[in-house]
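Novice: Residues per chain, in single letters:
Protein chains: 2
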Amino acid sequence: MGKKVKTAITPTRAEDYPEWYQQVVRASGMAEKSSVRGCMVIKPWGYSLWENIVREMDDLFKATGVRNAYFPLFIPVSFLEKEAEHVEGFAKECAVVTHHRLKKEADGALVPAGRLTEPLVVRPTSETIIGDSFSRWITSYRDLPLLINQWANVVRWEMRTRIFLRTSEFLWQEGHTAHATREEAQERTRMMLDVYARCVEDYLAIPVLKGRKSPAERFPGAVDTLCIEAMMQDRKALQAGTSHFLGQNFARASNIKFQTADENEAYAWTTSWGTSTRLVGGLIMAHGDDDGIILPPKVASAHAVILPIIRKPEDRTKVMPFVEQLASELREKTYHRRMLNIEIDDRDIGGARGWDWIKKGIPIRIEIGPRDIAENSVFVGRRDRHYKEKVSINKDTFVAEFTKTLDDIQATLFNRAVAFREANTENIGQRDLFYDYFTPKNSEKPEIHGGFAVSPWCGEEACELKIKEDLSVSIRCIPFTGASVKGACICCGKPATQEVIFAKAY
Amino acid sequence: MGKKVKTAITPTRAEDYPEWYQQVVRASGMAEKSSVRGCMVIKPWGYSLWENIVREMDDLFKATGVRNAYFPLFIPVSFLEKEAEHVEGFAKECAVVTHHRLKKEADGALVPAGRLTEPLVVRPTSETIIGDSFSRWITSYRDLPLLINQWANVVRWEMRTRIFLRTSEFLWQEGHTAHATREEAQERTRMMLDVYARCVEDYLAIPVLKGRKSPAERFPGAVDTLCIEAMMQDRKALQAGTSHFLGQNFARASNIKFQTADENEAYAWTTSWGTSTRLVGGLIMAHGDDDGIILPPKVASAHAVILPIIRKPEDRTKVMPFVEQLASELREKTYHRRMLNIEIDDRDIGGARGWDWIKKGIPIRIEIGPRDIAENSVFVGRRDRHYKEKVSINKDTFVAEFTKTLDDIQATLFNRAVAFREANTENIGQRDLFYDYFTPKNSEKPEIHGGFAVSPWCGEEACELKIKEDLSVSIRCIPFTGASVKGACICCGKPATQEVIFAKAY
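Residue numbers (the numbering used here), protein chains in the order written: chain A, 357 to 862; chain B, 357 to 862.
Next up, chain A with everything else stripped away, as it sits in the complex (with noise of 0.2 Å):
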C-alpha cells in the first residue's frame, strides 16, 4: 500500500472521474442541482466565472461590430416547424406551455387552466424566432450585414443531466447575423469561431483544435458547423463552442429576402453561433485537480485571498491593519482590465479556512501572521503549485510582482493543458491499434483511457456510425490544419479523404 496522500476532494480524478467532478463543484460552492428536475442553481462563486466570460466575450463580439438585442423566450410551434431538419432536432427535447394560467379545483389542488391556442416551446435556440424579426428588418442590400447576438437562457429537455456540462436550463449566447453574399457568410462563420478560441485559449487557458463537424454531427438545419474542442483530463472532448453557416436554409424558412444593389430579389445568408454555461464546467475539467478546482487568474472570481495568522488574542491589533494595508495597495491594481479582486478570510476555524480556498481554486494565499510582519514579509502559495509548497517573500517585492505572478499562473495553466493534450493525442492509421486504443485494459478506469486519436476517415457515415456504436467514439472535428491524407479509412478500410480527430466526448 502506497502513502495515502492527504487531498481534498473524495475521490481522486484517478479513482472516479465523474464522481470527483461532481465532488469538486459541491465543494467549490459553484452550483448544485435545484429541486426542478435538470435545471441548476448556479451559486455565487460559480456564477462571478460566468459573468467574467460574459463580459469578456461581449467585448470581443462588439470589436466585430456585433450588436446585441433580444427576443422572445417563447417560440410558436408553427415557427419551428418551418425548417425541416432544425424541427426534427429539436422537438423531442422541448419545454412546452399549453395553458396560461391556473385555476383552483374543488379539492383546492391548482390546475392548468386558459389553454392556448397554439402551443408555444420554450427556446431551444432561437434561429425561428430572430429569423422573423431579421425578415421585418432586412429590405435591402443596405440593410446587410446585420450583426445581432442575444445573451439568454434555452431550455432543452435532457434525459442524462450533469451540472454546467449537460442541462435542461443552461444559460448562452447565441449570434445571428445575415449578409448579403455566401462567401461574407462563411467569413463571419469563421470569425466567430476565432473569436472563441482566442477566448477560451488567452482567457480560460484552454487549448483548443479548431475544425468542422462531419455531416451527421452538424446543427440540425446548418450547412456547416465549425467547431472548437478541448481535452479535459479524462482526455475526453469537450465541444467548448459551435458557428453555423446556415446556407439560405433558414432565409427560406423564414423569409428573409433583401433587394440587391442591382434591383434584383434575393435570400440572404445567414449564420449562427453560441457558447454556454458548459464552458464553466470545461474550465473544471481542464484544470481541477485532486485538491479542487484551479482557476486561471484572468477569470478567476478573485485573485487572492488574505489569511491572518491570530494565535493569541492580542496578535488581532498588530495583525488586522498589515493585512488591510497589504489588500488595499493590492486593490489598486487592475489585471486583465478588472480591479483585483482580494479576499480577506479571519475566520476561526482552524485548518479548514486554508483548504476552503484551495477547493475553491482561487489563484494565490497569503498567509500573515507576527512574524511575517516583523520581517515584512508574506508567505505565500501558489494553487498552481502543491498545497504545502509555500515560499516567503519581502512584502513589497510581492506587491511589486503580484500581476506578474498572476501571468504565470495563467500561462502555467494553459501548457500543462496543452501537454497533456500532447501526451494523449496518438496518430492511429491502423484498425486494430485504434480499437485498442479506445478500449479500457483491465488495470484502467473504464472514464479514463484514450484520448485524441488523429485517424483517417474515408468520409462515410457509415462508419462513423459503426465507431460510435462499437467504442462510443466519435468524429469530434475535421481539424482545418489537416495534412494531406494517404492511408486507408480507419474503419472501411478504403482510400481515406480526410484525417479526423476521433474521442469520447461530453
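Certain hints may be false.
Note that identical chains are pooled: a pair holds if it fits in a single copy or bridges any two copies.
Claimed, not checked - DSS-like cross-link-like pairs, simulated, lysine-lysine; straight-line CA separation at most 27 Å:
1) 438 with 460
2) 715 with 689
3) 418 with 389
4) 689 with 418
5) 389 with 613
The hints are simulated quantities; they were obtained by calculation from the structure and are not laboratory data.
Since chain A is already given, all that's left is putting chain B on it; use the hints.
Specialist: Frame of chain A, contents of chain B only:
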C-alpha cells in the same frame, strides 16, 4: 388654425399620448412587438440602454455586498402554493409548461407529448424557488445575512400589453436577502429602495418619490412594500422599483431556519426587490418630446453623432479626415465610467439623416462641412434644445468642454422633469376639488390631465377602492416625508391618519 409646427413624431404628445409613445418607440428603433402574444423584441438601440442600466445598477448592488447567482426558470406548482397570498397573486397570469416534447401526428401536425407529472410554471418572480435554495444554504446565524441578486427574464401573462411598460415576458433583476433580525431586514429593504432612487434619479435623470404602498397595493405575501414613483408627461405615475419586507412569511413557507447565536432555532427575515425593462419605458415617457426620445447622456447608447456635410464628391476627402480626427479625440475621453461612444453617419439621404438621430434621442449632433473646417469649428445641436437651435463652436473648445456639455444636458433633463412634476402636483384637501382634479375637462384629452394629488386618507381600504372605482385613481405611495395630518379623509370625511399620493398609474 395655428401654424403647423414640424415634428418628427405624429401625433404629438398633446394630440394622443399613448399613440405618441408607440410611434416614438418605433421611430427610435428601440423595440417592436413580436409574433408571440404579449412578448416584445428589444432592438439594439433599446437593448443598449438596458445594458447600461444593468451595469450601473449591478455596481451599486455589489457595493452593498450583494452577489449574483442564477436560479431555475421553472417553478413546480407545489412551490408556488406554499405561500397563500403569493399564489393567489400570480396564479391568474402564469405560463404553464405541461409537456417536455413534441410528436408528429399522422396528419403531420406537431402536438405536445411527454406529459409532466407535475406542471411547471415559468417564473413570474422567484421567491419560492430561491427560498428552496436558501433553506439549504442557511443553517446558522453565521450564514446571515445572505445577499443574492438574479438578472433574469420573467413571465406574467398580461391581457393588455404595452412595449416596455407591461409585457408578458420582461427582463429584470430580483434581489433576495435573508437576515437574522427583523430590524436588519427592514434596513436592507430601505437600503435597496435608496439604491433604486439613486440610480433612477442620478443616472436616468428621472425624479422619484419614495414611500410605502397601502396594504391593498402590496406585493402578494409581503409585510411591507416600499416603492419609488415617477411622473410621466401625461401626468400618470410609473412605479419605477419596489422593495419588499417579507417578514418571516416566505421563510416559513420555504422553511428557512437558522440556529441563533444563543443556540435557539428561528426563521430568517427576508426581503426581495426588483426593477425591470419597464425603466426603459419610463425613460421614454419622462424625457421624450414631440420629436422623439431624449436620452440622458449617462445612460445614452451613444453620446454624439458626427454628420459630415458632403455636397460635392471632392468635399469628401476634405471633410472625412477632419471628422475621423474629431471622433478619435472624443473617443479617448470617458464619461461616467464609459468610453465615449461617437457615431459617424455619412449616409447620403438628405434631411432624413439628422431626423433619424433626433428621433433616436442622441444627446449631441455635430455637423461638419468644408466651411466649418476652414474655421476649425463645428456646428452643434443639443437634443435637449429645439432642433433648429444649433451653434458654431471652435472645435478645440468643443472637445475640451464636451463632457461638461453632457453634464449640462443630464442636469437639464432632470430639472425639467422635477419642474414638470412640481407644476402637476397639488395639495388637495376637499373631496369635490379632488374629484374635479381627476375628471377631464372638455378641452382636455382624457389621457392628459390631473397629476399627483397629495391628500389626506383615513387608512381604510374601502375609501381607496371607492376612489379607484370612481376615478381610476389609486394610492401610489404613502411618502416617507409625509407631514403630520390634521384634515379629513378625501373620500369619507372621517379623520385622516396619513397624507398620501393619489394618481392614475401605469
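Novice: Please work out whether the CA atoms of residue 689 and residue 418 approach to 27 Å or closer within one copy, between two copies, in both situations, or in neither?
Specialist: Intra 26 Å, inter 19 Å, cutoff 27 Å: intra and inter.
Novice: Is the C-alpha distance from residue 438 to residue 460 at most 27 Å within one copy, between copies, in both cases, or in neither?
Specialist: Intra 37 Å, inter 14 Å, cutoff 27 Å: inter-copy only.
Novice: Between residue 715 and residue 689, at a C-alpha cutoff of 27 Å, which is it: within one copy, between copies, both, or neither?
Specialist: within (25 Å within a copy, 42 Å between copies)
Novice: Quick one: residue 418 to residue 389, C-alpha cut-off 27 Å, is that within a copy, between copies, both, or neither?
Specialist: between (34 Å within a copy, 25 Å between copies)
Novice: Checking an output row: residue 389 and residue 613, CA cutoff 27 Å. Within, between, both or neither?
Specialist: between (44 Å within a copy, 20 Å between copies)
The structure agrees with every numbered hint stated previously.
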